[in-house]
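Enquirer: Sequence:
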Amino acid sequence: MPAEGMKWLPRSEILSFEEIERFARVCIERFGFDGIRLTGG
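When we follow numbering that gives the first Met the number 0, the leftmost residue of the sequence shown carries the number 0, and every step to the right adds one.
The hints are simulated quantities; they were obtained by calculation from the structure and are not laboratory data. If you're wondering where the values come from, they're calculated on a predicted model, not measured in any experiment. Backbone N, C-alpha and C define an ideal beta-carbon position, used for all residues, glycine too. No false leads were mixed into what you were given.
Between beta-carbon pairs, the in silico distance windows are: (1) G39 / E17: 15 to 25 Å; (2) I27 / E3: 37 to 47 Å; (3) G39 / A2: 19 to 29 Å; (4) E3 / V25: 31 to 41 Å; (5) A2 / E28: 34 to 44 Å; (6) F30 / A2: 31 to 41 Å; (7) L37 / K6: 13 to 23 Å; (8) M5 / C26: 23 to 33 Å; (9) A2 / R29: 37 to 47 Å; (10) F32 / A2: 31 to 41 Å; (11) V25 / A2: 34 to 44 Å.
Construct the entire structure; sequences and hints are all you get.
Expert: Below, the structure written as structure tokens:
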């Protein structure tokens, strides 16, 4: 972490669960991904 801390984004700029799910589904169905792993950090 930077010494000065982190700037938090407004919730409106963060993907919702539904948007993440849609993105994952598109990657798997259209681009042939075998899976997607989301990690924190």
